[in-house]
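Protein chains: 2
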Amino acid sequence: MAKQISELKLGILGGGQLGRMLIQEAINYNLTTLVLDPDPDAPCKSIANKFECGSITDFDTVYNFGKKADIITIEIEKVNIEALEQLEKEGKVVFPQSRVIRLIQDKGVQKQFFKENDIPTAPFQLVNSKEDLLSTNFTYPYILKQRRDGYDGKGVMKINSIAEIENAFDAPSLIEELIDFDKEIAVIVARNANGDMKTFPMVEMEFNAEANLVEFLISPSTYPEDIQQRAEKIAINIASALNITGILAVEMFVTKDGNILVNELAPRPHNSGHQTIEGNYVSQFEQHLRSIFNLPLGDTRSINNAVMINLLGEKGHDGLAKYNGLEKIMAIDGVYVHLYGKKYTKPFRKMGHVTVVDQNRDHAIEKARYVQQTLKVIS
Amino acid sequence: MAKQISELKLGILGGGQLGRMLIQEAINYNLTTLVLDPDPDAPCKSIANKFECGSITDFDTVYNFGKKADIITIEIEKVNIEALEQLEKEGKVVFPQSRVIRLIQDKGVQKQFFKENDIPTAPFQLVNSKEDLLSTNFTYPYILKQRRDGYDGKGVMKINSIAEIENAFDAPSLIEELIDFDKEIAVIVARNANGDMKTFPMVEMEFNAEANLVEFLISPSTYPEDIQQRAEKIAINIASALNITGILAVEMFVTKDGNILVNELAPRPHNSGHQTIEGNYVSQFEQHLRSIFNLPLGDTRSINNAVMINLLGEKGHDGLAKYNGLEKIMAIDGVYVHLYGKKYTKPFRKMGHVTVVDQNRDHAIEKARYVQQTLKVIS
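Line by line, the protein sequences are chains A and B.
All letters in the first sequence, in the order written, are residues 1 to 379 by full-length UniProt numbering.
All letters in the second sequence, in the order written, are residues 1 to 379 by full-length UniProt numbering.
These are computed hints drawn from the structure, not numbers from a lab.
Remember, it's a predicted structure, so these values are computed and weren't measured experimentally.
Among these hints, one or two may not hold up.
From chain A, some residues computed to sit far from chain B (all C-beta separations above 10 Å) [as the list claims (entries may be wrong)]:
no., residue
1, Arg20
2, Lys130
3, Asp132
4, Asn167
5, Phe207
6, Pro220
7, Asp299
8, Gly341
Straight-line C-alpha distance at most 25 Å; calculated BS3-like pairs for lysine-lysine [said to hold, decoys possible]:
no., chain 1, residue 1, chain 2, residue 2
9, B, Lys350, A, Lys322
10, A, Lys45, B, Lys50
11, B, Lys45, A, Lys3
12, A, Lys89, A, Lys115
13, A, Lys45, B, Lys9
14, B, Lys3, A, Lys315
In this text, a Cβ means the ideal position worked out from N, Cα and C, and glycines have one as well.
The shape of chain A in the complex, shown without the other chains (with noise of 0.2 Å):
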């Protein structure tokens, strides 16, 4: 790349919390970002160097957009794919590629690529329909997964009994086996244009039986030096067969018996790399700039134990965002705030993130329980 990368122009498909942290390392570097978004307030608005509020999934607004930037990147995958085809045809740079995402895309797709490149994961079926569950023999209970337009458990259901397919998602889906996992774990990955690779150290949910959600995020992992370097290899593996240029995010379960089984992917920053801002030495959105600029890969190393919690909008809550309690939680060492910019809050609607950092993982872990309970934001 001739051009040096202060004088590029990125541009940004969506303008939400993941593109707003992108942009807060792009301005180290004065990289001159573009961003589309439908939401006239989205989190991006006021500190793109150029906002554009439009749709992600029309082809002429995409593609429009797409020939002002010299990069062309996302913060989402639900973006029009054929208007990113057609821009790279015409010589556009668009990182991670356009067929990478239409592959990512879809669930149904996602999947029969791990088999064909022999990623290990939960054994399925593509269905197209409710009517086609009536005649799988898989056992319940089992999930069923739209195979388009899912996130953060939307799109997601179990099937428990013949009963319930009645009230099963009608469109094109996938069945899986339901997996007895002990954690969820996640590997983010990191490829250049020249091809070299860098994983981050992996992470584990912790998950709250009690509440029954992922209650945070704990960086590194303390499974077996062996497990996590299964892990790391497999997302080598799944960022080489894509030849993707850009971070991958590897969502993954370790059974209870010690197997690693992939669960699915995002081609782009993801929520289970929030931690590396303060937790290791480069961050995942810093790395992602690297990567699709072609420059050097940053040292992954964690600096410190770190312990993400994701701070949702409280329930019964929808209007003006406030934020409870946030001068109680800044009184302690090591926790570091990100709000989104988001002006209102809804149930379970994602405001921000608290990363705590401490030597010790223990303390973490308690603080980050103690943020968890103070910190709340209401309307």
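Go by the hints and put chain B onto chain A.
Frame of chain A, contents of chain B only:
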């Protein structure tokens, strides 16, 4: 303060790199930032919520700008004080307080403040014009400093003999005894409205005798604990005596016989604190925000050895800035680039800085030397 930080508008006088790095931290708190700067291409331009191009020394411009903000701060001392006083009278919060900025704007008043408060500083004498120099009994060589508007070495000269008086500044100035110092050091202290205070660990400037200039800044210092504690105590004493709200950079000399003398003050984020972004648990920029919004002060401890190099425009280059060697230095672990978003370079203009972080101090210094030799701002 009844309103939350995310609901408040911060007005920043000056839109240079200090304002830019302050805004980079402010983004994490959803803080709305308004910036006033006379340069239409100032570093803050594209990342402030609202950027206003105008004079920071004109009463009306500063006053009208300040009316739009909830809290007003500065990133440069040379601002219209009368406007800030008027805003304070009308109930606006100005941090640091106008009286502190007024005191620090005048190096003569600063020196008198040191004297009145038993703050150790080099012997000095105030002079009104260069004629006064003829009647002083200071021995040559001595230092002559303009009382106002000096920065980055401007407004300071060494007078070696009576013959040089002819070329001396003809403005209110101060004569200062030449200090035979071992090293220049600095301590940044923060004080919030509650009166809580915290210092960052003392840093030292590494002087290159061959080039006759400060080569880089190293944190933390390796001076004996006793000297570090004395320097931090001096910074605390000054912040207390000033009753400042905000952060205060205290530049000092360690003399060859182990005394500490205060050189000068800056009531704002300062070049001697840039390495805190990656080198310490809290950065000077976030600490300034915590101070002025009366929030708990952050953990100032060092995470790692950090060496900061200013990135100055190369001699002989004047025009659109290019960054030679960027890719090479990015290949080294622990190297953090901060470009300030200045379109044009000119000799010695501060275009950015690089911080090198390493668990081994000698390695950090070695890497910093390589960065300094490799990364060049040219046109």
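Check your understanding: Hints broken by the structure, by number, lowest first?
Key -> Per hint list: 1, 7, 8, 9, 12 violated.
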